[in-house]
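K.L.:
One letter stands for each residue in the lines below.
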Amino acid sequence: MAFIGIHLGDSRSFIAKLDDRGHPAIVSVDGERFMASCVYAPKADEGSLIVGSLARSSLDHEPESVVQHFQGDMGTDKTYRLRHGMELNPVSASAAVIRKLTQEASKELGPIHEVVITVPTYFAERQRKATIEAGTQAGLKVIGIVNEPTAAILAYATQKTVRGMVLIYSFGSGRFDVTIAKVNGSEIECLTSEGDSELGGMDFDQKIAEIIDQKYAERFGSTLRDALGLTSEEDERKSPAWQSLLLEAEKCKKTLSKMPTAPFNFYEGPDGPLKTQVTRQEFERAISSLIAQTEMRVETALDSLNLSHDDIDEVLLVGGSSRVPAVKESLRRQFGKEPLEGVNPDEAVALGAAIYAGLQTDKGNLKPKQREKLSKVSVVDVANHNLGTISVHQDEELGSEDLRLSIIIPKNTPLPCSKTKTFYTMYEGQKFFRCRVTQSADEEDDPDFVTIIMDGELGPFPPGRAAQQPIEMTFSYDLDQTIHVRFRDVNSGMVLTLTPGDKQGSITRVPDFRIEEMEEGRSKNTPKEIFVPDIRLEYPTDL
Amino acid sequence: MANNSDNSGCLIAAGVGAILFSFTLFSDNGGAGLVVLVIAIVLIVMGARGSGSGESTPPAIPSSSPLGLQLMVSTTADRIENQPVKMLEFHIKGMFSAHHRIARPRFEFRMADVTDSLSAAGDPVLCVIDDLQDDDSTEFRFKQNFPDALNAGSGSMEWVRFVGVPVELLGFPQTGNRQIKVSLKVTDLANGQLIAAANAIWSTRVEGVGYLGMEEEESEAQAASLQLAMCIAAADGNVDDDEVAVIKNWGDKSVKALPEARRMSRHEALNDALSEATREIRASRLFQLEADAIEVLKNKGEPRFLYDAYELCLNVLKTDGEAHPQEMAQLTRISRKLGLDETKVRILTDRHLADVEFKPVGDASEDDQILGVTDDMSKEEIRKHLNKLNKKHQARLQHDNPEVRKKSKEWIDRISKARVRHIG
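From first to last, the protein sequence lines are chains A and B. The first sequence runs 1 to 543 under our numbering. The second sequence runs 1 to 424 under our numbering.
Keep in mind that a hint or two might mislead.
[Unchecked claim] Looking from chain B toward chain A, a few residues come up when the C-beta cut is under 8 Å (computed): (1) Val244; (2) Val246; (3) Lys248; (4) Arg282; (5) Asn299; (6) Lys300; (7) Leu386; (8) Lys409; (9) Lys417.
Hints are computed from structural coordinates only; laboratory data are not their basis. Here a beta-carbon is modelled for each residue, glycine too, at the ideal position from N, C-alpha and C.
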């Protein structure tokens, strides 16, 4: 039986197996150690979906037939309308990638039935569920979902000697994660994660594209965007010229990781070819705010555990973007030490997922050597989100009743966990009790800004009951961050259990402004002379 | 004697469930279980002549007179929605209108503290319930047309419980042992002429701060609130007509809410405050003015004053339909210095600024203002502050609503750039 781990990456995906001795190993796909997470939909009569580097190479001439970077859209109802009338969604595109990976690997390993799939830590319930759905669509049983940084440290800790507080710095093409774990040999205890979907290596490519866009304007008088008539991200996605600029930008980024300058030749501009170069200095200036963003995430993770940079014993790099010199330099500056080396930062996640597959399977399935190797391995992960509910808060001073968030399982609680909290009905004769489950990455106290992942009603209660009837809410997280909730009316014994996706509605009001975001700010622009008219109140004359 | 004892009328729970009106006839031997605390009866029967006649001191008529109108005040313990409530009850008895054949008599009750008042009429007792207020002020004034239960022209020889008011809904002028004069006038609705009147004195002990004591505090708080509002109005360098209108309107309303006798002093106090604010702002002492006003409000220690002031500031800010970064920063500074609860502030702010357009920020210094980064913050303070903001918006990147995600992305971009500028 094969134990398979899949690293479903935003730009590249990997598949790994656990060998007979219990060591993880990458399985090649199309002769390469990775596969581009890219799907090309040909014309209906030209066969089925094409996945991988071949699909990616179609980007610069047929971008409207290609889907990539769909992982960020997981759990949304986004649809990609492709050129030949084909429609894909994030789940079906992911399923295509998973299917291709397992099909290729089964040539070497025989039929594959069960897999572990990795996800970014920031993935909430709906995104994890969508990932499992993608695996199922690919005809597989998903026996575990594991966080990418957890998988990476698992791969590292089982192959190298590492001890103490480890910061796993995971910088992929479409995500950024900081995880802090306590490691003792093969025993891993994750303590916290700070993840981000809006930051990744593609943003670096985008910055280079913008540098070139400016250089194009200096040379030809108008930016490339203007020359191509691109006004939206969607225009850019569909423009072959812009897509080929991004592909060139990625190459340029890789060159700049090794050289102080990189030549940049661009032939697709409507005004003529542009032959120029990008210096590392230009690049680093352009990405400085992105680097600042990563530093803030590191600090937030440290702060949440009351740790300082000095408390971190080792820094482990994961993901291709961690190769950018400015990233390494930023880490050196923050921690005053060199990051750990030894495991390929791209492959570590898939390798860890294969180990995790061995841990998740029934022990009887393991070969003796595998069992021996894995017997020492233990992983404790933590809840990556605050799980809570929305309750009514009565304020006597304002005379108002407003909705407040009550956190029931706080972020960073070790998994598995289960907590019960009692709430009360508000009115005499109350018939129903609204049961909402919220998930949030920060301790948002504002129900408008959290995601309601489940929503239901408990009831109808027996008529004529007094107010203040106790309702017990029991929330639990499984090992793989799956959520279970149970609402119980104590006096009648009535129970409501909800599963993710049970939703009757959600709050849609979105105020676009929050005052607490502005701290002490002294107006620097107060003009010296202020016009003030004389103001006199009028004495009431209506009597 | 209990001839009319089944004349109990309707029981109406009104408003917040706190007021009970009822007409209950009960016998002299105390069948209804009321505890009569104080009785003082002055009874008159007057000819229906000039309308001014009610103001003159009426001749006392013995309570036993079958022709007089008598008023009795008592307190009882009642329960409303299962909560114990101390009720003040008014009872009447008498054959007041027999020889006038009045078709439409109207009863009107007032209350005033006459313990040591300078004016003969005393300081009025206020009431928080609209239905029990004077038309033009918050003074207690209960008006009731002659109930059908009573026979016009014959009245009642029994005590009639006329009305009950929860004591805690009354506002007394001063604290301690007080003499409250309750007066009843009966007028003819048809021609407005006074037919009968009766007074009673109710001795009671008032707990807490009387409104006269509070009024002084309120006057100072309102003055400071107006000054604070002037600071907000002046922040953009120009106090325009709309802003003036909002400020004036608030001041006018504050004065008008008072009983007439005390309007003048409040009117003057608030006008003085406005003149002072105008002077200070013209002399470029805006910050000092703001700091002083905040100090005054804070010293009052009464949350109602603080939130009223903040709400006025919001109203001034939104007059032009726009919120500029420096205005928002100023508002935040004020709310913090007043020590307001963040959640309540947010609720108020959301409610008021829902339709306001938030002006985008252009350059770095504006970015700093919107982020709340100031010159006097240390590098470490800026770092922590930005991290906190960043964490919040990072969390929102996962929100269901794409608009929220988009806005958070903009915030994060702004925060990251500020970090590069300040921390490097």
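K.L.:
Indicate, hint by hint, whether the structure satisfies it.
P.N.:
Going through the hints against the structure:
no. : hint   : verdict
1   : Val244 : holds (6 Å)
2   : Val246 : violated (11 Å)
3   : Lys248 : holds (6 Å)
4   : Arg282 : holds (6 Å)
5   : Asn299 : violated (18 Å)
6   : Lys300 : violated (14 Å)
7   : Leu386 : holds (7 Å)
8   : Lys409 : holds (6 Å)
9   : Lys417 : holds (5 Å)
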